[in-house]
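FYI, UniProt numbering numbers position 346 of the sequence shown as 346, with every residue one higher than the one before it.
You may find that some hints are simply not true.
[Said to hold, decoys possible] The calculated DSS-like cross-link candidates involving lysine-lysine, where the alpha carbons are at most 27 angstroms apart (straight line), are:
id, residue 1, residue 2
1, 150, 190
2, 150, 400
3, 44, 337
4, 150, 192
[Unchecked claim] Cβ pair distances, simulated, as ranges:
id, residue 1, residue 2, range
5, 335, 150, 47 to 55 angstroms
6, 51, 28, 43 to 51 angstroms
7, 222, 193, 17 to 25 angstroms
8, 334, 217, 25 to 33 angstroms
9, 217, 406, 28 to 36 angstroms
10, 30, 90, 13 to 21 angstroms
11, 118, 215, 52 to 60 angstroms
12, 117, 150, 31 to 39 angstroms
13, 148, 217, 50 to 58 angstroms
14, 175, 275, 41 to 49 angstroms
15, 406, 50, 33 to 41 angstroms
16, 406, 144, 29 to 37 angstroms
17, 177, 302, 21 to 29 angstroms
I should point out that these hints are in silico values taken from the structure, not numbers from a laboratory.
Backbone N, C-alpha and C fix where the C-beta goes; we use that ideal spot for every residue, glycine too.
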Amino acid sequence: MRTPLLLLLLLPQLSALVAAAIDVPKTCSPKQFACRDQITCISKGWRCDGERDCPDGSDEAPEICPQSKAQRCQPNEHNCLGTELCIPMSRLCNGVQDCMDGSDEGPHCRELRSNCSRLGCQHHCVPTLDGPTCYCNNSFQLQADGKTCKDFDECSVYGTCSQLCTNTDGSFTCGCVEGYLLQPDNRSCKAKNEPVDRFPVLLIANSQNILATYLSGAQVSTITPTSTRQTTAMDFSYANETVCWVHVGDSAAQTQLKCARIPGLKGFVDEHTINISLSLHHVEQMAIDWLTGNFYFVDDIDDRIFVCNRNGDTCVTLLDLELYNPKGIALDPAMGKVFFTDYGQIPKVERCDMDGQNRTKLVDSKIVFPHGITLDLVSRLVYWADAYLDYIEVVDYEGKGRQTIIQGILVREPLSEVLWGNHYSGPAGEGEGFRGTVLQ
1 MRTPLLLLLL LPQLSALVAA AIDVPKTCSP KQFACRDQIT CISKGWRCDG
51 ERDCPDGSDE APEICPQSKA QRCQPNEHNC LGTELCIPMS RLCNGVQDCM
101 DGSDEGPHCR ELRSNCSRLG CQHHCVPTLD GPTCYCNNSF QLQADGKTCK
151 DFDECSVYGT CSQLCTNTDG SFTCGCVEGY LLQPDNRSCK AKNEPVDRFP
201 VLLIANSQNI LATYLSGAQV STITPTSTRQ TTAMDFSYAN ETVCWVHVGD
251 SAAQTQLKCA RIPGLKGFVD EHTINISLSL HHVEQMAIDW LTGNFYFVDD
301 IDDRIFVCNR NGDTCVTLLD LELYNPKGIA LDPAMGKVFF TDYGQIPKVE
351 RCDMDGQNRT KLVDSKIVFP HGITLDLVSR LVYWADAYLD YIEVVDYEGK
401 GRQTIIQGIL VREPLSEVLW GNHYSGPAGE GEGFRGTVLQ
């Protein structure tokens, strides 16, 4: 197995990650709700809707949403009154105060304990202020009758396993695909290094050169091609160890697709220009189909996504209808799918076949400026970054299981992202950022 590389495109003048964490209180508009952190603003319509949209969850706080029926605790957990604190049901009436107001202990523990025997719980029963309540063993979930327990599918929860997950009765087992090794935590997977002395490398392009670094941050080498001025897009092809980038000139005629081989990451070989029959002057992002060698380009000025063959002499428009400001693109050639972001009139994350057919919206709500997009090809997950809401979220290939991965001041104006194993790489700063893709 060839060890994957990560590829990033870095624009100049990025601030440090620490600088991004230093912020001042923000004034929200009358149509927005100010989160408790005094930095994040969200739509007022998102307040008390059962979903935590503020990084600190203050939009769903009990004092703001007293009637909210959002489930705040996991199965077999108890919500301490008037707070967001959840404690295991097994810690109720155990003689130790866990809730701040002591509601998990008290006279009811003694007075109602005898009622548990009449409730008929399948697993366990504990007295609460609302009366005796059934709860289940770990990995089981209480059913609608309030008495019986059924195995809880941990594999349905995002992040349970790094790659493969098999649900079992009362438990689960993680596994890895070929080329990866299960780690001692029995959950995460790590790629085998083949050859063993070749570790994953991150390529970072700026206006002067292309840097190669290990994921630890240690620099491998600096490669200076003949032209990287105003590079706006870059991708890497494993088939021939070739990196390609869009070199933006002063005019459309001077904007070209450059490619070069970098065997062993020791320097450029055979740097050349591929003459693309359509203009690349407004290309925002690109991706290479590693099965066919075709190039996919995102043009956010002409509002289109187009594809060219490996020679560049044949190009066709893939999508240009209902596309108002396309930004990011990611490919899954094995599944024959294209994923892209658009933050025009209706911001959205979409999917289509590699010929543009079967276009499907994956996300079109609670999304403002979707920008960078990347894929977990093993688990078939789609990650995207919102440059306005400052979050990174994920759904599966069908648009289901939406989760927020990270949100807040450490994700300010994220313009692109990459995913490698269990690690995420994204921009650190504001204003300018980088664009990237995950390479398998």
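Against the structure, the hints:
1. A hinted pair counts as satisfied when its Cα atoms are at most 27 angstroms apart, and residue 150 with residue 190 does not qualify at roughly 33 angstroms.
2. The straight-line distance between the Cα atoms of residue 150 and residue 400 is roughly 23 angstroms, inside the 27 angstroms bound, and the hint therefore holds.
3. As the CA atoms of residue 44 and residue 337 are separated by approximately 35 angstroms, the hinted pair breaks the 27 angstroms bound.
4. Our distance criterion of 27 angstroms between C-alpha atoms is broken by residue 150 and residue 192, whose separation comes to about 38 angstroms.
5. For the pair residue 335 and residue 150, the beta carbons lie near 33 angstroms from each other, so the given range of 47 to 55 angstroms is not met.
6. At roughly 18 angstroms, the beta-carbon separation of residue 51 and residue 28 lies outside the given 43 to 51 angstroms, and the hint is violated.
7. In this structure, residue 222 and residue 193 meet the distance hint of 17 to 25 angstroms, their C-beta atoms being roughly 23 angstroms apart.
8. A C-beta distance of roughly 31 angstroms is found between residue 334 and residue 217, which places it inside the suggested range of 25 to 33 angstroms.
9. Separation of residue 217 from residue 406 is about 20 angstroms and departs from the stated range, judged on CB atoms against 28 to 36 angstroms.
10. A beta carbon spacing of about 46 angstroms between residue 30 and residue 90 contradicts the range 13 to 21 angstroms that was offered as a hint.
11. Range check, residue 118 to residue 215: about 59 angstroms between beta-carbon atoms, so the 52 to 60 angstroms window is met.
12. Distance hint check: the CB atoms of residue 117 and residue 150 are about 23 angstroms apart, inconsistent with the given range 31 to 39 angstroms.
13. The hinted range of 50 to 58 angstroms is satisfied by residue 148 and residue 217, whose Cβ atoms lie roughly 52 angstroms apart.
14. A beta carbon spacing of about 46 angstroms between residue 175 and residue 275 agrees with the range 41 to 49 angstroms that was offered as a hint.
15. Roughly 21 angstroms separates the CB atoms of residue 406 and residue 50, a value that falls outside the hinted 33 to 41 angstroms.
16. For the pair residue 406 and residue 144, the supplied restraint of 29 to 37 angstroms holds, since their beta-carbon distance comes to about 34 angstroms.
17. One distance hint, 21 to 29 angstroms for the beta-carbon pair residue 177 and residue 302, is violated here, with the actual separation near 39 angstroms.
Consistency note: the structure conflicts with the earlier hints numbered 1, 3, 4, 5, 6, 9, 10, 12, 15 and 17.
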